[in-house]
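There are 2 protein chains.
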Amino acid sequence: MKLATYKDASRDGQLVVVSRDLSSAHYATGIANTLRQVLDDWRFMAPQLRDLSDLLNSGKARHAFPFEPGRCMAPLPRACQWVAGQSFISHVERLHKATDAKLPKSRYTEPLMRQGGGDGFIGPCDNIVIASDASGIDFEAQVAVITGDVAMGASPEEALDGIRLLMLANDVSLRKLMADEQANGLGYLQGKPMTAFSPVAVTPDEVGDAWRQGRLNLTLQTTWNGRKVGLCDAGAGMTFHFGQLVSHMCKTRPASAGSIVGSGPVSSTDWSQGYACIAEKRAVESVDNGRASTRFMKFGDTLRIEAKGKNGQSVFGAIEQEITPAG
Amino acid sequence: MKLATYKDASRDGQLVVVSRDLSSAHYATGIANTLRQVLDDWRFMAPQLRDLSDLLNSGKARHAFPFEPGRCMAPLPRACQWVAGQSFISHVERLHKATDAKLPKSRYTEPLMRQGGGDGFIGPCDNIVIASDASGIDFEAQVAVITGDVAMGASPEEALDGIRLLMLANDVSLRKLMADEQANGLGYLQGKPMTAFSPVAVTPDEVGDAWRQGRLNLTLQTTWNGRKVGLCDAGAGMTFHFGQLVSHMCKTRPASAGSIVGSGPVSSTDWSQGYACIAEKRAVESVDNGRASTRFMKFGDTLRIEAKGKNGQSVFGAIEQEITPAG
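Quick note, the sequences are listed as chains A and B, same order. Position 163 of the first sequence, counting from 1, maps to 163 under this note's numbering, and the rest follow consecutively. Position 47 of the second sequence, counting from 1, maps to 47 under this note's numbering, and the rest follow consecutively.
Simulated from the structure, these hints should not be mistaken for laboratory data. Treat the hints loosely; a few may be bogus.
To be verified - Listed next, the in silico DSS-like pairs over lysine-lysine satisfying Cα-Cα at most 27 Å (straight line):
| no. | chain 1 | residue 1 | chain 2 | residue 2 |
| --- | --- | --- | --- | --- |
| 1 | B | K228 | B | K97 |
| 2 | B | K228 | B | K310 |
| 3 | A | K228 | A | K176 |
| 4 | A | K298 | B | K251 |
| 5 | B | K308 | B | K60 |
| 6 | B | K7 | B | K308 |
| 7 | B | K176 | B | K97 |
| 8 | A | K60 | A | K310 |
| 9 | B | K102 | A | K102 |
| 10 | A | K228 | A | K308 |
| 11 | B | K308 | A | K251 |
| 12 | B | K60 | B | K7 |
| 13 | B | K102 | A | K176 |
| 14 | B | K176 | A | K251 |
| 15 | B | K102 | B | K176 |
| 16 | B | K251 | A | K7 |
| 17 | B | K176 | A | K105 |
| 18 | A | K251 | B | K7 |
| 19 | A | K176 | A | K298 |
| 20 | B | K228 | B | K176 |
| 21 | A | K7 | A | K308 |
| 22 | B | K298 | B | K176 |
| 23 | A | K176 | B | K105 |
| 24 | A | K102 | B | K176 |
| 25 | B | K60 | B | K310 |
| 26 | A | K251 | A | K105 |
| 27 | A | K102 | A | K176 |
| 28 | A | K97 | A | K176 |
| 29 | A | K308 | A | K60 |
| 30 | A | K97 | A | K228 |
| 31 | B | K105 | B | K251 |
| 32 | A | K60 | A | K97 |
| 33 | B | K251 | A | K176 |
Just so we're clear, the structure is a prediction, and the values are computed from it rather than from any experiment.
Pulled out of the complex, with its shape left as it was, chain A reads as follows (with noise of 0.2 Å):
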């Protein structure tokens, strides 16, 4: 099933299904108003909101509505953990050729991942408010899982079984304050402003078997001002599937459900994919040239991040946001 949460001037917004080929939707008011309630007591609520799906997708549901992207928060407008991983080593290994850093061994058997805030993403449509443009905007295109309840010492295997919802993810950076914080070593706090998500969050089953040993094998778009930049295949780079990312995360304690897993920048070893997200292309152009070329984001600056599965529809629906100066 596909589930998106409506904006109803609430801080978790409206739960709605919406159907598989993102034409209607229906609130799911009677079963749960929030998506939060749904992980919380997820084998109750699940199976209701299944049953729904199913009308809607076979044109019966009452009440549909045509679904509308632009009314969207993020499926899970705030969640308890979100966490980032660098799970595509092709992203890894150019960022440090560029800097001529060596790449320790670990980053070949052990993901990278940070804490970040959960208190406010935003929704798909909604606009990227920076307070400079000149803080090296960067977006970062990446698949993200919310999961249920993992236990502390859970294995990649069972981390899997926990993984409840796909999503895909804006998860804008602010490149010049992040390497500051980075130098700290306590991660990124001011360099990570609001993350945005996809209209639409789906049960790993919507996808098929695009969805296989924790990766999406699925090519995100990226487009940048209305130019293709990124066709990357989200699944064969993915060097830590989500199963291992997970069980990283819950070594030394639980997850709690609602807990949401950031694939980190998709990346592809094949360059002729494009990128996924500015400080890549800029490594390599370092790398080739002596010097990046490619500039930052500025004000004005549109960014659309999509997946089409098989049958050429849209699964997430699309990301399309602007950068927009702060007040």
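For this one, chain A is given, so just place chain B on it according to the hints.
Coordinates of chain B only, in the frame set by chain A:
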């Protein structure tokens, strides 16, 4: 007023109002079931809770019952943002001195802060469950605040106005895992198991003039295995006050109601006041004697953290925990 959350097998627990002397409590049912609801709608709900608090303090509440800290979850059992600072410069200086690393000048002008996972806080009397006691288990006695909504770009003074509640925290650390994680630059994930908070969260007016200029001017008592190891002033040595910490956190994005900000380990410039985390004690030992002799915590070790008001009464109740093995 003083607020606590009783365990009731739900994820967010049951909100109770607690009397000033911590002797009695009253369910907040009819006003709000959970502290999250109150924080989401503070201006509407806080005055109603305050009326109930007045009634309770005057001994006139009709359904009051004895308050039992052992029944408490963390006041806010899960939070969408949990950021810890390092706001006591004497702590930072002592740790740097032990490693011979040069302290950047910016440490004196800008706080260090990091994102943590807010999905599973533990109660003040809950065991600290750890996989291995060879991981360098340490306590960190801290002061923490819960914020309301704070705008992006808020000044330290504006940010101060957004502080709703004060608490104590034990931000447990696994020092041996943290060292590697800090070297990666992305902050702590496995190095930080579950954080515990004091039985009650209190509005700043409850501590009178002990809360001034964004600092809690009370003595933080830290007792390890029955021995008082720290009697540190939690205000005097706080280089960056809570308004500065929250303002720093909100530089590039707003904070939503229910964000928790920790002070980092309390530390006194006067070393005779003792310590609020073992790492600092070990750093001093290695400078003074060439090696750290105090061991980290082991299974069965106990910890108690408390702060008393001028009248000698416990303000927040005590955090009283034991380290226990997983499984």
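Regarding the pair K60 (chain B) and K310 (chain B), is the alpha-carbon distance no greater than 27 Å? Holds - the C-alpha atoms of K310 (chain B) and K60 (chain B) are around 26 Å apart, at most 27 Å.
Mind checking the alpha carbons of K251 (chain B) and K176 (chain A) for me, to see if they're no more than 27 Å apart? holds, 14 Å
Straight-line Cα separation of K228 (chain A) and K176 (chain A) no greater than 27 Å? holds, 25 Å
For a C-alpha distance cap of 27 Å, please report whether K176 (chain B) and K251 (chain A) respect it. holds, 14 Å
Can the restraint linking K228 (chain B) and K310 (chain B) be considered satisfied, given a maximum Cα separation of 27 Å? holds, 19 Å
For the pair supplied as a hint, K176 (chain B) and K97 (chain B), is the alpha-carbon distance within the 27 Å limit? Roughly 19 Å separates the two Cα atoms, so the pair holds.
Pair hint outcome, K102 (chain B) versus K102 (chain A) [Cα-Cα no greater than 27 Å]: holds, 23 Å
Take the C-alpha atoms of K308 (chain B) and K60 (chain B), compute the straight-line distance between them, and say whether it is at most 27 Å. Cα-Cα ~26 Å, so holds.
Does K298 (chain B) pair with K176 (chain B) here, judged by a C-alpha cut-off of 27 Å? The given pair, whose Cα atoms are some 14 Å apart, holds under the 27 Å limit.
Would the pair K60 (chain A) and K97 (chain A) pass a check requiring their Cα atoms to be no farther apart than 27 Å? Given pair K60 (chain A), K97 (chain A) is violated - Cα atoms ~56 Å apart, limit 27 Å.
Pairwise hint evaluation, K105 (chain A) against K176 (chain B), where the allowed Cα distance is 27 Å at most: Satisfied, since the Cα-Cα distance of roughly 19 Å is no more than 27 Å.
K60 (chain A) paired with K310 (chain A) [C-alpha distance capped at 27 Å]: Roughly 26 Å between the alpha carbons, so the hint for K60 (chain A) and K310 (chain A) holds.
Hint compliance for this structure: hints 11 and 32 are not met, and every other hint is.
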